[in-house]
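Each residue of the sequence shown is one higher than the one before, starting from 75 at the first, in this note's numbering.
Treat the hints as calculated values from the structure; they're not laboratory data. Because the structure is a prediction, the values reported are computed rather than measured. Careful, some of the hints might be misleading.
Claimed, not checked - Heads up, simulated DSSO-like pairs for lysine-lysine below, C-alpha to C-alpha not over 27 Å straight-line: (1) Lys293 <-> Lys338; (2) Lys134 <-> Lys116; (3) Lys323 <-> Lys354; (4) Lys293 <-> Lys323; (5) Lys134 <-> Lys182; (6) Lys354 <-> Lys338; (7) Lys354 <-> Lys314; (8) Lys283 <-> Lys293; (9) Lys404 <-> Lys565; (10) Lys314 <-> Lys338; (11) Lys182 <-> Lys116; (12) Lys293 <-> Lys314; (13) Lys323 <-> Lys338.
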Amino acid sequence: MKRQIFSSILLTALISMLLMSCLIFIVMYRQFYRDMTQTVEKETGIIAEGYMLSGERYLKRLSTDTIRVTLISADGTVLFDSLADPAAMENHLDRPEVRDALETGSGKASRLSETLGRQTFYHAIRLDGGSILRSSVTTDIVYATVVASVPLTLLAIAAVAVLSALVARWRTGRIITPINQINLDDPLQNDVWAELSPLLTRLERQHRKIGAQLEELQKMQDEFSAITGSMSEGLILLNKNGTILSINKSAARLYRIDRDYVGKDILTVDRSIPVQELLKEASAGRRAETAVAISGRTYQFVANPVLSSGQIVGTILLAFDITERSHTEKLRREFTANVSHELKTPLQSIMGSAELMKNGLVRDEDLPRFIGRVYDEARRLVELVDDIIRLSQIDEMRPAMQRENVELKALCEDAAGRLKSSAAERGVTIDVTGEEAAASGVRQLLYEIVYNLIDNAVKYNRPGGQVRVTVSSDEAGTALSVADTGIGIPKEDQSRIFERFYRVDKSHSRDTGGTGLGLSIVKHAAHYHGADIELLSNPGAGTTMTVRFPRS
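Kindly produce the complete structure, drawing on both the sequences and the hints.
Structural data, given as structure tokens:
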């Protein structure tokens, strides 16, 4: 803008100066031409008087470098010419100035001289004898006078150009400086040219409008960031070229990157083939999903195309952590398979025994043994179904389960009493000691914990062994400890004994009649109460299990 203003001012000054110079040249030429014609007319009159007094001798004695004198007879014959041979000149009767002089007494004309070949001004007067005296002068003198003033004029133009440039520079600065100093944050508080006031008013309105829009956009951006930032799912927004537009905290944690990856290609974050296939499907306008393992966890990736006016403009990539769900699903499948197996085994035994008895293939003396086997397997089925139901109740955490303060020592004594006979059969003694301490929870589930821990300690003990049940409390909460002098648990099995249907010694478990769900019930019931389980065991040295309930 500064250059344009400067150029406009300077160009205007130069054009004005050139036009003025041309006008001056025209005026000078016309004035010099007028002066020349007046001089010629005066000179013609003077020469005519001299001729009338002295005749042709006066003309011959006349010496002039600028004015040409010609004497012409009434019939047009040239009698005398100061610059040319009269005999060689043609008849001048057709010359306009000669014809006018014969008719009116004087005449003048301006034309190209046939004799001299130059533009010439002619003035003729009729003498008393009827002859014509003509004076002429070329217009070169006028051109010469005008041309002589050109250098001075050019010098003046150059001086004016320099002065105009300085003035234009100064004036441009005067115009631009206030504009450059305009405070765009508060346009109406500027002291500038009055002509700029409408512009500043519009800028102020536009500034307020843009400010309101930016504030709204920032609010929306903050809301979007707050929502996506609090999402547990990973969220990545991509444009149609695969460039990251937004990535939330969960996605950044998933890929162990910072959020400065905005503006980079998705390939810099995830080059895995499954995810790239998902994005390819989304870019084709189709929703796609797949499960991918990352850093030991399982994620469900879902890619959806983003449409605008029917055109695909980007992709939304969501990542759900389904590790627990996947693990639960795996456990469910294993549980289903184990339940099928555990149910099928006693049922096959029952059916086999029943079929033998039905077909009369069992001797009378063996019949009680077969009936006993059917009874034992049926009882085992009932126990298995009961344990499965208990696990289902704990998993569902039914609202009907009411919490209360339960005295653990009394609960332990009750369970020990119920298991006393089975313990006596194995030669195992059960001792319950400790203080009267209460735990807040569901009585039925707390009893399941106590009963199954003591039952396990009895079943996997040595003949003549001992089970010690201890209840204690401190500032942290209440602890239930069950210790036995049994066979112990190998290190490699200790992390799995709480899994459903898992048995360390399957042959021994079959003999003891366990379902393989007891410790799983203990784990789920303890988890329901927010309790921790500690296991201390060595093969051949017995096992101690401690359940710590938090203070209510």
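Hints versus structure:
For the hint linking lysine 293 to lysine 338, the alpha-carbon distance of about 25 Å falls within 27 Å, and the restraint holds. For the given pair, lysine 134 sits about 19 Å from lysine 116 by alpha-carbon distance, which is consistent with the 27 Å threshold. About 24 Å separates the Cα atoms of lysine 323 and lysine 354, which keeps this hinted pair within 27 Å; it holds. With a CA separation close to 19 Å, the supplied pair lysine 293 and lysine 323 stays within the 27 Å bound.
Note on lysine 134 and lysine 182: the hinted pairing holds, with a Cα-Cα distance of about 23 Å set against a maximum of 27 Å. Between lysine 354 and lysine 338 the CA atoms are separated by roughly 18 Å; this keeps the pair inside 27 Å, and the hint holds. Of the supplied pair hints, the one linking lysine 354 and lysine 314 holds, its CA atoms being roughly 11 Å apart against a limit of 27 Å. This hinted pair checks out: lysine 283 and lysine 293 have alpha carbons roughly 15 Å apart, not beyond 27 Å.
With a C-alpha separation of about 24 Å, the suggested pair lysine 404 and lysine 565 falls inside the 27 Å cut-off, and the hint holds. About 13 Å separates the Cα atoms of lysine 314 and lysine 338, which keeps this hinted pair within 27 Å; it holds. Between lysine 182 and lysine 116 the alpha-carbon distance is near 13 Å, which keeps this suggested pair within the 27 Å criterion. Of the supplied pair hints, the one linking lysine 293 and lysine 314 holds, its CA atoms being roughly 26 Å apart against a limit of 27 Å.
Among the hinted pairs, lysine 323 with lysine 338 is consistent with the structure: their alpha-carbon atoms are about 16 Å apart, no more than 27 Å.
Against the hints set out earlier in the document, no violation occurs for any number.
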